[in-house]
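*Asks:* What follows is the residue order along each chain.
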Amino acid sequence: MEHSQTRTSEVVRSERLGSDIFRLTVLAPWIAEAAQPGQFVMVQPADGQDPLLRRPFSIHQVTGAGAVQILFKVVGRGTSLLSRIRQGGQLNVIGPFGKGFALPSGVEENICLIGGGMGIAPLLFLAKRLIGRSAVVGCRLVALLGARTGSELTVLQGEFQQLGLATAIATDDGSSGHHGLVTQLMLQNMAPGDAWRVYTCGPHPMMRGVVEICQGMAWPCQVSLETMMACGMGACLGCAITNPKDPNSYLHVCKDGPVFEMSEVAWR
Amino acid sequence: MEHSQTRTSEVVRSERLGSDIFRLTVLAPWIAEAAQPGQFVMVQPADGQDPLLRRPFSIHQVTGAGAVQILFKVVGRGTSLLSRIRQGGQLNVIGPFGKGFALPSGVEENICLIGGGMGIAPLLFLAKRLIGRSAVVGCRLVALLGARTGSELTVLQGEFQQLGLATAIATDDGSSGHHGLVTQLMLQNMAPGDAWRVYTCGPHPMMRGVVEICQGMAWPCQVSLETMMACGMGACLGCAITNPKDPNSYLHVCKDGPVFEMSEVAWR
Amino acid sequence: MTQPDLRVTIGGLELPNPVMTASGTFGYGEEFASYVNLHRLGAVVVKGISLQPRAGNPPPRIVETACGMLNAIGLENVGVDRFLSEKLPYLRRANARVVVNVLGDSIDDYRALAERLSDAEGISALEINISCPNVKKGGVAFGTDAKMARAVTEAVRNATRLPVIVKLSPNVTDITAIASAAADGGADAVSLINTLLGMAIDIRSRRPRLANVVGGLSGPAVKPVALRMVWQVARTVSIPVVGIGGITSAEDAIEFLIAGATAVEVGTANFINPRATEEILAGLIAYLKEHRLASVRELIGSLQLG
Amino acid sequence: MTQPDLRVTIGGLELPNPVMTASGTFGYGEEFASYVNLHRLGAVVVKGISLQPRAGNPPPRIVETACGMLNAIGLENVGVDRFLSEKLPYLRRANARVVVNVLGDSIDDYRALAERLSDAEGISALEINISCPNVKKGGVAFGTDAKMARAVTEAVRNATRLPVIVKLSPNVTDITAIASAAADGGADAVSLINTLLGMAIDIRSRRPRLANVVGGLSGPAVKPVALRMVWQVARTVSIPVVGIGGITSAEDAIEFLIAGATAVEVGTANFINPRATEEILAGLIAYLKEHRLASVRELIGSLQLG
Ligand SMILES: Cc1cc2nc3c(=O)[nH]c(=O)nc-3n(C[C@H](O)[C@H](O)[C@H](O)COP(=O)(O)OP(=O)(O)OC[C@H]3O[C@@H](n4cnc5c(N)ncnc54)[C@H](O)[C@@H]3O)c2cc1C
Ligand SMILES: Cc1cc2nc3c(=O)[nH]c(=O)nc-3n(C[C@H](O)[C@H](O)[C@H](O)COP(=O)(O)OP(=O)(O)OC[C@H]3O[C@@H](n4cnc5c(N)ncnc54)[C@H](O)[C@@H]3O)c2cc1C
Ligand SMILES: Cc1cc2nc3c(=O)[nH]c(=O)nc-3n(C[C@H](O)[C@H](O)[C@H](O)COP(=O)(O)O)c2cc1C
Ligand SMILES: Cc1cc2nc3c(=O)[nH]c(=O)nc-3n(C[C@H](O)[C@H](O)[C@H](O)COP(=O)(O)O)c2cc1C
Ligand code: FES
Ligand code: FES
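Residue numbers (the numbering used here), protein chains in the order written: chain X, 1 to 268; chain D, 1 to 268; chain G, 1 to 306; chain H, 1 to 306.
Isolated chain X (complex conformation) (with noise of 0.2 Å):
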C-alpha cells in the first residue's frame, strides 16, 4: 500500500506575478513525480481553522528538483493568508488529484493551448509535456492568454515562449495584446481548416466560448473545470456537477475531473 504523505512543505521561492497574483514553489517530491498535468493540489492556507478546509490549486509546474508551483490569485481569505508566505516559510499541500489532461496519442495534430486568468496556472506545465512531442513532427504548438490587465501577463507570456510556443495575448483592459476576449484569438491563429486538439481552463463563461467554437469546427477540446471542494479525493461529494449524458447521477470534478472531454459537461 502506498503512503501518502501529509506533513509540511517547505516554500522554497515566493513570487508576486501581478499586484494580486502569486507563485510559491513547494519542496514536495513525492507530489513533483506523481504529478500529470491537469492535476491538483489541495492546500492548507495556514495552520490552525481559519479557513477550515485545504483550497484546489492546479499544479503550475513542476521541477526536476522535486518541487511544486502553484499560481494563485487572492480572491479571499484563504488565498490572502497564502499570498503573505515568504521563502523558507512551511505550507501543508497532498496530491496530486483528479484526472488530468489527456496527452494526444499521436503526434499529428496541431494544438492550442487556451486560458484564461488563473486558468492559465495549469498550461506551462501541460506544454512542457507537449513540447517533446510536437516538435516531432513539426506541428504547431500556440498558447493563447487573456487576463484583466496586461502586466498580470508579462511574466507567464515570457515563460511559455521560452519554451517555444507561439504565444498571444487578450486583456480586458486592452493594456496589452488582444483588446477583448481571449476567444477572439482563436480564429486569428487557428486555420478552420486545420486539425486542431484544444486545451482550456479558465472562467466558465470563456470556456463555454471556446466550446462553442470547437464544436463548430469538430476540434477536440478538453476543459478544466472548478467547482467547491472539501476533500479533493472523491470522499465529500460536494464536486458534483450535472452529468448531461445521464440526469439521474452527478459527476465529480475532484475525480471524474477537473479535467473533462467538452462532451462530458452540460455548457448551459
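These are calculated hints, taken from the structure and not from any lab test. Quick reminder that beta carbons are idealized off the backbone N, C-alpha and C, glycines included. Some clues are possibly wrong.
Taking CB as the label site, the calculated pair distances span [unchecked claim]:
(1) X:172 / D:87: 33 to 41 Å
(2) H:211 / G:249: 23 to 31 Å
(3) X:138 / H:82: 44 to 52 Å
(4) X:203 / H:211: 44 to 52 Å
(5) H:302 / G:86: 44 to 52 Å
(6) D:87 / X:178: 40 to 48 Å
Quick look at which bits of chain G chain H covers, simulated, 3 or more residues with Cβ under 8 Å [unchecked claim]:
(7) 181-188
(8) 201-209
(9) 251-257
Given chain X's structure and the hints, the job is docking chains D, G and H with the ligands onto it.
*Replies:* Just chains D, G and H with the ligands now, with coordinates in the frame of chain X:
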C-alpha cells in the same frame, strides 16, 4: 465622549527573552499615555477567528515615544501566534483596562515587588513609577523575581537593577540565585520589624505564599490576579471570582481588579 | 447618491437603523461608551434583568471553543431596582434606545418585571428571555415548550404597554412552533437565537471546563444554525424577527436581513471588537449604496429561491 | 510501559480501538487507503447506503463556514447492490471492520436494507441514519420523533443479526428521549451527533449558498454541542454511545471518551487531514501512557463532577 482606538498598531520591536518568553513593543500612544501600572491590554493574537477571543496581557512597560510593551510566555495557540510576529508587523491591541496597583500615598515605606514567571511583567512598569518617589527619602525598593530557570531572568533582572532596585532571584532548577521559591527570598530581604509594602503578581500558589507572610507581618499587600476573560471591559461577566466579603456576589477581575488588596481575595 | 433609509420598525418601536446589541454582551451600555456612540445604534439591549439581584454561577464561567465561546454566567445581574436607579440614567443621558432583557423563574416573575419596567421612563421595549428554566415546572425552560412560551408572552403582554420581543432558544426541535406560540401570545416581535447548549472538558483534570458543566455556545460557530432558524421563523410568523447569532461583520448582518430579519443583534463580536456594532452599521450602509437600495427594508426577506 | 489496551465493545462488536470514521466523510474507505491503514482503524463507517442508488442534490452542495462546513449532498450513494458488489470487496480485502450506514424513506426501506446487508459477508454492524425525512409521514425526520425512532429501530432489530447502532440527529429539544426510544427499540448502541441544520446566503446574489437552501453543519464549530449531547445521552441510556462531532485531534476524541463515549467517529477532519484518524489514535495512545491508564476503558465516562 472619549473615543478609544481599536485600530491595529505597529510592532516596533520583537524580542526573545528565553526559550519560550517573548516581548513585543507596540506603538499605541493612546494606551501608553493612559496606562497605569497593573493595568492590562487585550490583544488579538491574529486576524481571523482562530483563536476567536482576545488575550489579556499586563502592560509591561510604556515608553515616552508612545509604545507599550507586553511580556509573555508561549502556553497555547494565541501566545504561539504572538511569538511569530516580527518587527514591522501589525497587532490589534486595546486598552488600558482594569484597576492597577494603588501607589503608596506617602513615601515613608520600604517597597517590595515580588514576581513569579510572567507575573514579573507588570512589576517593571510599577518599578518605574515608584523609583521617583522612594528615592526622595531613601526608602528601600526591592524586587524579588522567580522563574523556572536562570536564563529566563537574565534580561529582566538587569532591567530592574538598571532602575536602581535591589533584586534577588530564585529559580526552580537552581540554575541561578536561590534554588527554590521566591517566597523564601522574602525573609532574607525584608527585615520583619520594618514597614514594608508589597506588590505581587505570579502563579496563584506563589501569591498565596506571599500573602500568608504579609498577613503574618501585617504588611499591606496588593496582588494581581488572572482569570479567563472574554471582554476585559466589564461586559461579559466571565471573569468572576469569589468575594470573601459577600458570598452572594462575585468580584470581576477585569474591572474590580486585576489588582486587589490581599484582603479582598479568597485564598483557599 | 443620497443616504439610504435605514429605519425599521419592530412592533411599534421605530429604530433609526437595524443594528442592536445582544443582551449580556454589551453590559449596561456604559462599558462601551468610549468605543461606540450609543445613540447611533438601533438600540442597546442590556444584560438580562431579574426581580432580585443575582450573583450568577461560580467560576470558571467562560471557555473559548472553535470560532465560538461557551458561557455559563448564570444570569448575574444587579436586579431591577438597581438597574433603574444606577444603570438606566446613564443610558438615558446617552440618548440610547433601551431594550431591557428580562428573565424570571416563574410567570409571576415575568409579569412583575414587565409592570415594574413599564412604569419607568426611557425604556423602548422589553425582550423576554424565555431560555431560563421554569423553576415551578421542574426546571424545563419556558422556551422549549410552546404552551409555556405562550403563557409567559401573554402574561407580559397584559402587564405592559411597551413593545414585547420574545427571545427564543435554539435548543428545540421546531423553533417555528415556539415562535408561533409567542406570536399567538401577543408578542410584537421575536428575537433569535439565544445560545446553543454546549460543553467542554479539560482532559488533564477530567473535569468540565465550566463550573456549571454546560454552558451556552455563541459566536461565529453558531451563525449557520441561527440563520437557518431566522429564515424558518420569518417564513412562519407575521411579526418582525430580530436575527442574532455569530454576527461579526456587515456581511453577516446582511445575510440575516436577507433571510428575513427586520433587525439584528450583535453579541460575542463586541468582545473581540468593541466597535463591531458601529462598523457593521457602516458596512451595511456601504452595501446598500453599492447595490443601489434606497432603503434597508428592500433587503429584508429578499432571499431569492429557486 | 506496556501498550495500553485499546479494545472497546459496542453492542457485541469488539473493536481493536475506539477510533472510527464518520459516514459520508470517508467515502467507501478506498479513497483514503493511500493515507490510512484501514485495518488499523476501529472501524470504517461507509457513506450512507439506500436500497436504490441516489443521485443526491444539485450543486452547490457544500459551503465553508466559521470552523465548520455545511453540506447538502442529499445522500448520494451507489445503492445497496453496487455497494455489495463494487465497494465491500475492497474493504474486505483491506481487512477493515465495516459498519454500513443505512438510510431510507420508510420503515420498509430500513427493514429491507437490514435484511439485505445481513446476508452479506464482511459487515460488522449497521448504523441507522434516522435523520432522513420519513416520506410516508410528511417528511418529518424519523430522528426528531421518539415514537418513529423506536419503530425504525425495532424494524431493523428484527431484521438483522448484526449489531445495530442508531445514529441520532441533534436537531431536537431532548436528545435523551430519542436515545431512550432507540434503546427501548433494541438498539445495541447509539451514535451522535449527525449534522446541525444550518444555512448560508450569498449576499451578492441574495441566493442561498446551497442549492438545497439548508444543509448540515459539521466540523469543529459543532463540537461543544456534540459533547454536551453525548454526555447527556451517556448518563441516560445503558447501551454504549459513539461520540461524533467536530473531532479533529486526539484531545477532542479524549473529551468525548471522558464524557461517556465508548468510541468516536471522525468526520470533517478527514477532509483537512486524510491521516486524521491514525493521528488521533496515536495521540490517544500517548495520552493513555502519559496518564498511566492501562486501558482506554478507564477513560470512558470518567468525567469528574463537583
Ligand atoms: C481543481 C481546481 C483548481 C484550481 N486551481 C486554481 C489555480 O491554479 N489558481 C487559482 O488562483 N485558483 C485556482 N482554483 C480556485 C481556488 O481554489 C480558489 O480561488 C480558492 O479556493 C479561493 O480561496 P479563498 O479562501 O482565497 O477564497 P474564499 O474566501 O474561500 O472564496 C472567494 C471566492 O472564491 C470562490 N471559491 C472558494 N473556493 C472555491 C473552489 N474550491 N473552487 C472554486 N471557487 C471557489 C468562493 O465561492 C468565493 O466567491 C482552483 C479550483 C479548483 C476546484
Ligand atoms: C489580567 C491578565 C494579565 C495577564 N498578563 C500576562 C502577561 O503579562 N504575560 C503572560 O504571559 N500572560 C499573561 N496573562 C495570561 C495570558 O492571558 C494567557 O497566557 C494567554 O491568554 C494564553 O493564551 P494562549 O492562546 O496562548 O493559550 P490557550 O491555548 O488559550 O490556553 C493555554 C492555557 O492558558 C490558560 N489561559 C488561557 N487564557 C487565559 C486567561 N485569559 N487567563 C489565564 N489563563 C488563561 C488556559 O486555561 C490554558 O491552560 C494574563 C492574564 C490576565 C487575565
Ligand atoms: C457572556 C454572554 C452573556 C449573555 N447573557 C444573556 C442574557 O443575559 N440574556 C439573554 O437573553 N441572552 C444572553 N446571551 C445570549 C446573547 O444575547 C446572544 O443571544 C447569543 O450570544 C448569540 O449571539 P452571538 O453569537 O452574536 O453572541 C449572552 C451571551 C453571552 C456570550
Ligand atoms: C459531506 C458529508 C456527508 C455526510 N454524509 C452522511 C451520511 O451519508 N450518513 C450519515 O449518517 N451522516 C453523514 N454525515 C454526517 C457525519 O457522519 C457526522 O455525523 C457529522 O459530520 C458530524 O461529525 P464531524 O463534525 O466530525 O464531521 C455527513 C457529513 C458530511 C460533512
Ligand atoms: S471534493 Fe470531495 S468528492 Fe470531490
Ligand atoms: S472579562 Fe468580561 S467582564 Fe471581565
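*Asks:* Decide, hint by hint, whether the structure agrees.
*Replies:* Structure-based check of all given hints:
no., hint, verdict
1, X:172 / D:87: 33 to 41 Å, "40 Å, holds"
2, H:211 / G:249: 23 to 31 Å, "25 Å, holds"
3, X:138 / H:82: 44 to 52 Å, "48 Å, holds"
4, X:203 / H:211: 44 to 52 Å, "21 Å, violated"
5, H:302 / G:86: 44 to 52 Å, "46 Å, holds"
6, D:87 / X:178: 40 to 48 Å, "46 Å, holds"
7, 181-188, "violated (count 0)"
8, 201-209, "holds (count 6)"
9, 251-257, "holds (count 3)"
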